[in-house]
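Student: Chains as they are written, first to last, in the working numbering: chain A, 1 to 88; chain B, 1 to 271.
These are computed hints drawn from the structure, not numbers from a lab.
There are no misleading hints in this set.
Selected chain A positions facing chain B (Cβ under 7 Å, derived; list incomplete): (1) Ser13; (2) Ser14; (3) Ala15; (4) Ala18; (5) Lys19; (6) Leu22; (7) Arg33.
Derived contacts from chain A toward chain B, CB cut-off under 8 Å, selection only: (8) Ser16; (9) Val26; (10) Glu29.
Even for Gly, the Cβ is constructed at its ideal location relative to N, Cα and C.
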Amino acid sequence: MSIFSYLLPKKQSSASVAKERLQIIVARERSTRGGPDYLPQLQEELLQVVRKYVPVDQDAVNIQLDRESGCEILELNITLPEEAAQQS
Amino acid sequence: MTKIVVVTSGKGGVGKTTTSAALATGLALRGFKTTVIDFDVGLRNLDLIMGCERRVVYDLVNVISGDANIKQALIKDKKVDNLFILPASQTRDKDALTTEGVEGVLNALRDDMKMDYIICDSPAGIEKGALMAAYFADEAVVVTNPEVSSVRDSDRIIGILASKTRRAEQGEGDIPARLLLTRYSPERVENGQMLSVEDVQEILAIELLGVIPESQAVLNASNAGSPVILDIDSDAGQAYSDAVARFLGDQLPHRFVNVNKKGLFGRLFGG
Chain A
1 MSIFSYLLPK
11 KQSSASVAKE
21 RLQIIVARER
31 STRGGPDYLP
41 QLQEELLQVV
51 RKYVPVDQDA
61 VNIQLDRESG
71 CEILELNITL
81 PEEAAQQS
Chain B
1 MTKIVVVTSG
11 KGGVGKTTTS
21 AALATGLALR
31 GFKTTVIDFD
41 VGLRNLDLIM
51 GCERRVVYDL
61 VNVISGDANI
71 KQALIKDKKV
81 DNLFILPASQ
91 TRDKDALTTE
101 GVEGVLNALR
111 DDMKMDYIIC
121 DSPAGIEKGA
131 LMAAYFADEA
141 VVVTNPEVSS
151 VRDSDRIIGI
161 LASKTRRAEQ
171 GEGDIPARLL
181 LTRYSPERVE
191 NGQMLSVEDV
201 QEILAIELLG
211 VIPESQAVLN
221 ASNAGSPVIL
231 DIDSDAGQAY
241 SDAVARFLGD
251 QLPHRFVNVN
261 KKGLFGRLFG
271 G
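Bound-form chain B, shown alone (with noise of 0.2 Å):
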């Protein structure tokens, strides 16, 4: 059965597109037929985080309006089998996406692609591209940074999630939502400078999925085009495997949530 995942936060620049190609990739590695589409029309970004933006050709607008098929839209990684990229349009803009587009170009990925995993990458805000990212989801990763904005977003894109999918309005009850929360820094909760995990899950009440902490790994991948999460010695692209292995249904306990304590010789000489 083909599962789809959106990944949302409401706010911007708090990681959405880095989780998406991670836990794309990360459940690609793990065998399963993955798509990650990028809903951001307009606004493209996905194809560099994955290291393809020069073999575009036809994108997800495309595949809607019926000027490509899903077959020749598709661009398949070259890293990783399984995988596949649906890149957004650069030229139109996010009235393009239709209900009925969207949910053709899903059945096509479902039925004749056959795909494990469809993971959506949502735009920021709560406009149609977001809203067209979640309808169809079955379950939903939010992606929030332990920063005031951040986590009132969040807020905001779980409530919008509990009434705006389809299994909502059909009165399925709510699509599972899991927090994903990036760009942490245990050296600063220590110090009562930014909000714990612990504070963040308090407010926002939904299941932890995983802590990626603040890691120049993160920006070295994206400058690189290949996703953190196949940087396997970096703190950032563990904590992504462990995420995805938890997405899966295994119980690992968090790791890098915690401040690592010198010893008296990294005292002395560390840095």
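For reference, chain A alone in the conformation it holds in the complex (with noise of 0.2 Å):
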């Protein structure tokens, strides 16, 4: 190892690179988890339906199941590009 290695700055080691992407992945699979089945095909219609009129990316529709002393509320966000919020 040379003298210059120390003064590089350092790389990001490959376990902290997994620690991350584990953090995020398994952050994102928690918050669907117990909910009905159908909600994963549930976004995807929804996603089509919201593409016929705006230009919206894959993961700009964000569905949440919460559940409260006996009733469930289904929350449903839209993130508009930019473009389409000042056309309006």
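Please dock the two separately framed chains into a single complex, following the hints provided.
Tutor: Take a look at the structure:
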């Protein structure tokens, strides 16, 4: 190992990349856990409807199901692109 | 009181069967009457790891379908007292496992055979066999490798354990699940090439039962058909012994998680 390697910025280790990726995917999968099986399909179909009018990204639709003392709340978040928002 | 323990992981090849064999043997060595059941119907392997493959006559599915009773199907271990093996069927598929059938087998092991522990060696995946292995469990051991796909699958299994066991369905809450990290290499962790035990624990957020180092002893043990916990001089064998002690409630420090620093002599002459 040369002396210069101490001066160069340290490359991120593969283990820390793995940890970051895992933290993100695990958090995402946990948020849909226990929900009804139709959620992914609902998300897909909603996305298609929205896309008929506004060009949005695949991950622009976010569905969350919360349970609160006996009632379930289906929360739907659609992030519109900036241009579309300005047109209206 | 009989305790039913599922050894599970989601991903295949991470060490479920090795762990089931070691845990069952370790509990039997401590005087607990223990049966280890192979739930991997169609892909039986526990018999090989336990070294009793030539003594299999009846299997789990035979007992469920009534072709044999539990006494006929149980294989008594030749090396360790109090230890019994119930092999999986090699010819049938996992649909042969029914909730009532599995419950009947577990009840017979508890009431007729007076087992202290029943270890359920789960197949990989989240299909019927895995669900049946976990359904009646009082406790779970989640076997994980420090590697992304294994950790992700373990998280999925932890979620299933929290919702799809009988205790969860009856509203009695989650069953306790503890993490066993296997194939751990402290050198690679130190070099930043492998997730550390702290990383995995932080992501999965369950109690740590033990860390089993990557070891030649595990392959030696499976080659010989003798659970690695019986290889008391090996690192993996000792790590499993510690894990069994912790499983029973002992507080022990985790060994084999740090790199052994070689002294000057070791560095000059060591391999």
